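K.L.:
Top line first, the protein sequences correspond to chains A and B. Its first residue numbered 1, the first sequence is counted upward by one per residue in this note's numbering. Its first residue numbered 1, the second sequence is counted upward by one per residue in this note's numbering.
Hints listed in this document are in silico derivations from the structure and should not be mistaken for laboratory results. Hints are not guaranteed to be accurate.
[As the list claims (entries may be wrong)] Simulated crosslink set (BS3-like; lysine-lysine; CA at most 30 Å straight-line):
# : chain 1 : residue 1 : chain 2 : residue 2
1 : A       : Lys60     : B       : Lys57
2 : A       : Lys54     : B       : Lys42
3 : A       : Lys96     : B       : Lys57
4 : B       : Lys42     : B       : Lys57
5 : A       : Lys54     : A       : Lys96
[Said to hold, decoys possible] Chain B is faced by these chain A residues, among others (derived, beta-carbon under 8 Å):
#  : residue
6  : Arg40
7  : Asn45
8  : Thr84
9  : Leu97
10 : Leu101
Only a predicted model underlies this, so the values are computations on that prediction, with no experimental measurement involved. Backbone N, C-alpha and C define an ideal beta-carbon position, used for all residues, glycine too.
Given next are the chains, with one letter for each unit.
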Amino acid sequence: GDQVEQSPSALSLHEGTGSALRCNFTTTMRAVQWFQQNSRGSLINLFYLASGTKENGRLKSTFNSKESYSTLHIRDAQLEDSGTYFCAALTGNTGKLIFGLGTTLQVQP
Amino acid sequence: GALVYQYPRRTICKSGTSMRMECQAVGFQATSVAWYRQSPQKTFELIALSTVNSAIKYEQNFTQEKFPISHPNLSFSSMTVLNAYLEDRGLYLCGAGLGVSQNTLYFGAGTRLSVL
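Generate the whole structure from the sequences, applying the supplied hints.
P.N.:
Laid out in structure tokens, this is it:
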């Protein structure tokens, strides 16, 4: 079936540094969403991309449908960026949103 | 902006009883509503996808008899967990949008269900 492979599963950053999260898809996806889940469980919308790249503050995301992947770049990480980040891909044929297993990010002073 | 409210935020029910959770969309028309369950291990399972004026589509392992859903208008949906048992515990999330195949889904903060 359709799958979303998210990596890394866990990430630790010092304040001010950055890194990239990645999602690979086993089939062609129509779009991708990235979320941050905070400690209370709320899913915060970060990006919705049908193609290309979007940037918002210290976050930037790219979706390459042809090569079946999406990335989320975080720069100048802050303590409040800690949480679990999920990508979710919209399947082309069924219209369902399939979630990855998440990346747990911990930002340390 | 687009907001989705879910209530209750947390609930505890006795094994074998039922509980109802609600989802309210504010600032946009929730043509489609997807109900998910996030397990204690953090994995997401799609329960069902509801589109106003269309039949509700349940995923494998989820049935209308167990998780009846109502989606009467463009701002509200509810789902009931009937006869809840330990395996039903988790965070139930409602994602609403103009159309699942076309647009962003906005999620509520979830209803966390514990079963005693």
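K.L.:
Determine for every hint whether it applies to the structure shown.
P.N.:
Hint check results:
no.	hint	verdict
1	A/Lys60 / B/Lys57	34 Å, violated
2	A/Lys54 / B/Lys42	27 Å, holds
3	A/Lys96 / B/Lys57	11 Å, holds
4	B/Lys42 / B/Lys57	23 Å, holds
5	A/Lys54 / A/Lys96	22 Å, holds
6	Arg40	7 Å, holds
7	Asn45	6 Å, holds
8	Thr84	7 Å, holds
9	Leu97	6 Å, holds
10	Leu101	6 Å, holds
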